[in-house]
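Student: In the order they appear, the protein sequences are chains S and R. Here our numbering is used: position 219 in the first sequence is 219, and no number is missing along the way. Here our numbering is used: position 290 in the second sequence is 568, and no number is missing along the way.
Each hint should be verified, as a subset may be incorrect.
Said to hold, decoys possible - Derived coverage of chain R by chain S (criterion: at least 3 residues anywhere in the stretch with Cβ under 8 Å from a Cβ of chain S; other residues may be distant):
no.	segment
1	308 to 320
2	323 to 335
3	373 to 381
4	615 to 625
To be verified - As a list, the in silico EDC-like pairs of lysine to aspartate or glutamate whose alpha-carbon atoms are at most 16 Å apart:
no.	chain 1	residue 1	chain 2	residue 2
5	R	Lys483	R	Glu434
6	S	Lys34	R	Glu393
7	S	Lys116	R	Asp613
8	R	Lys664	R	Glu562
For the record, the hints were derived by calculation from the structure and aren't laboratory data. Glycine included, each C-beta is placed from N, C-alpha and C at the ideal position.
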Amino acid sequence: MRSGDDVFVAVRGRTVQILGFDRADALRLLNFLKMGLRDRFLGSTLGLVWAIVNPLLMMGIFTFVFAFVFRSRLPGAETSLSFVIWLISGYGPWLAISDSLATSTGAVTGNSGLVKNLAFKTELLPIAGSLMGLVPLAVSTCYLVALLVLSGTRPSWSWLGILPVLVLQFVFITGIGLCLAAVNVFVRDTALVLPNVLMILLFSSPIFYPLSEFPKAVQGVLQFHPFQVIAEGYRQPLLHRAWPAPWGLAYLTILSVLAFIGGLVFFRKLKGYFDARI
Amino acid sequence: MPGSSWAGGLFATAVPGAAGEEKPAARPVIECRDLSKTFVVLDGQSIWRVILGGGCLNGFPALRDVTLQVRQGEFLGVLGRNGAGKSTLLRTLGGVYAPTSGTVRVAGPVSGIYELGMAGNELLTGHDFARRWLSLHGTGRRQIGGLLGEIAEFAELRDYFNNPIYTYSAGMKARLFFSVATSLPGQIYLIDEVLSVGDEHFQTKCWRRLRERLSAGASGILATHDWAAVLKLCREACVLERGRIVDRGSSSGVVQRYLGLPQPRGDSAAFAPHLPSVYCALTEEDTTLSIPIDVRVASVIWFGCSVESFRQGIGWSHLLQVEPRPIAPTPGLYDVEMTISSLPLSPGEYSLNLFLSARGPEGTLVPLDVRSWTYGNDLTLSVAGKPRESVTILPLRWRGRRALS
Chain S
1 MRSGDDVFVA
11 VRGRTVQILG
21 FDRADALRLL
31 NFLKMGLRDR
41 FLGSTLGLVW
51 AIVNPLLMMG
61 IFTFVFAFVF
71 RSRLPGAETS
81 LSFVIWLISG
91 YGPWLAISDS
101 LATSTGAVTG
111 NSGLVKNLAF
121 KTELLPIAGS
131 LMGLVPLAVS
141 TCYLVALLVL
151 SGTRPSWSWL
161 GILPVLVLQF
171 VFITGIGLCL
181 AAVNVFVRDT
191 ALVLPNVLMI
201 LLFSSPIFYP
211 LSEFPKAVQG
221 VLQFHPFQVI
231 AEGYRQPLLH
241 RAWPAPWGLA
251 YLTILSVLAF
261 IGGLVFFRKL
271 KGYFDARI
Chain R
279 MPGSSWAGGL
289 FATAVPGAAG
299 EEKPAARPVI
309 ECRDLSKTFV
319 VLDGQSIWRV
329 ILGGGCLNGF
339 PALRDVTLQV
349 RQGEFLGVLG
359 RNGAGKSTLL
369 RTLGGVYAPT
379 SGTVRVAGPV
389 SGIYELGMAG
399 NELLTGHDFA
409 RRWLSLHGTG
419 RRQIGGLLGE
429 IAEFAELRDY
439 FNNPIYTYSA
449 GMKARLFFSV
459 ATSLPGQIYL
469 IDEVLSVGDE
479 HFQTKCWRRL
489 RERLSAGASG
499 ILATHDWAAV
509 LKLCREACVL
519 ERGRIVDRGS
529 SSGVVQRYLG
539 LPQPRGDSAA
549 FAPHLPSVYC
559 ALTEEDTTLS
569 IPIDVRVASV
579 IWFGCSVESF
589 RQGIGWSHLL
599 QVEPRPIAPT
609 PGLYDVEMTI
619 SSLPLSPGEY
629 SLNLFLSARG
639 PEGTLVPLDV
649 RSWTYGNDLT
659 LSVAGKPRES
669 VTILPLRWRG
679 RRALS
């Protein structure tokens, strides 16, 4: 289980390695994903149904509260439903991000039995943890599409514009997740503090309220807030039938590649010390 | 002592399969050279040095310059007290820990039984645990399907196989885990202390399974403080002490030194220094073994002898044992000549054990000098000749007679 092979693509014998991962690792990743999904709801009567019902309930509450209780409206908009659609198009990805981060942070410590008894690349655990965020994202996107159709919007090809954003989002979050998972092995407070940090991040980014409601001075900086860029990446295609802004995509690409490579290098540097803690 | 014959106190065990057969040297499947493993000792400050990088870290050396080799079809015994580094050695060989320095080479799929920890969710059923374990070890879906039935049967969990693991007793968990971890044949097994689990019935099954795997060509390492298990399973063994190999060699010798059995001092009578270490003989030929002894006291010395064989996975078996006989009533140098007419052993290498003793006050024999595998100083009896399918060749006559019905 030697680490530190950070060569982008390498051919060793008959196996091709990308960033130190080969085909067997890909299969194992798939295994961990299935395992993670299964274990999260293991023992519950409804099982995997919760993976869908939980985010759906959350979205339902938001729809009810903002559309019927607060009757919130976007500046210049006529219906509350458009606010809810706007909100969920940002909140859905956010839900996925927080799910990804929480799962990947605890991925190594939570699977100490595996780490101690199986020879494999431990990087795969936080990566699989981060990919778990795909479930709430899929649910919220379906919910959103349903709302859009209800509000009379016609499906559009530009909706596919969220796909590159989705990929970049997961690359970015996986990078951060790798860092947090490695740190959490040594400083267990990481996983405990994370929910609060996520809450602060949520309200400091333009997800519950539009960017225009922030003070002018802050707006310029917030433009480059990764979560704002990601949220916009979903909102442009879904709400405005426009492809995501090229600069946004470029910015996000640089950011996520840096985060992923950085996270991987950091994780591989630290994982040699895991045995002192697990 | 002229004409003492084997026929006197001979008993033979009919064990199927040839004993002590010589195999050509098999290829090594586990090899490590100068293997060292140091665990970093972490405290409040050094944690940040690890995370942020830089600064020196204090380490605890768990393994130091371990070099060993295991050949295909062999199990190596690793003896050692708690904290000697046995588990660390197994995990490092199995690839769970990265070595601090040195090289590890393992040729083949590894099945690591490092602890009976279930390495998984207790809410899983036994069935699902088995499926998960196998798929994490890279077993294909089709093969898993075939193995599951066998696992259920071997673990004897019956209906419990489909119940969650948290409903299991400790013994049931151990049975499930052992069954799953040894279900794949032809693996390299790294086994840590687990053979002492379960009830006697299940232990017997465990041994049988390991024997089957061994005879099918599996190899591995058994790390334990149970020296009896090492004697049973391993031809070779080593002793680990504070991360270093302090002794190695044939299991019997290693175990004897590990236990620190007192060696008779050979004051009143001893085997002479020029006692050969190997005796050669031909199967079914009249054989004379000449054993030089040195008697230093004027009392009756008793001479005894046995031929034993070691088979992996079964352990030691007595093949022949000679009733002790009085020899040499006066001091002096003697040659005990023992003639065996038509040596009843098939070709192979056997352990020849010799005992010199005196009658104690209660009539029991007190050893004066011993050459035996239990003391790690046995002799070899090398028998050549035409291969046989039995171990011992008894003077039997066969006749098939039709029964009157």
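Student: Indicate, hint by hint, whether the structure satisfies it.
Tutor: For each hint, the structure was consulted:
no., hint, result
1, 308 to 320, "holds (count 4)"
2, 323 to 335, "holds (count 4)"
3, 373 to 381, "holds (count 4)"
4, 615 to 625, "violated (count 0)"
5, Lys483/R x Glu434/R, "holds, 11 Å"
6, Lys34/S x Glu393/R, "violated, 25 Å"
7, Lys116/S x Asp613/R, "violated, 60 Å"
8, Lys664/R x Glu562/R, "holds, 9 Å"
Hint compliance for this structure: hints 4, 6 and 7 are broken, all remaining hints hold.
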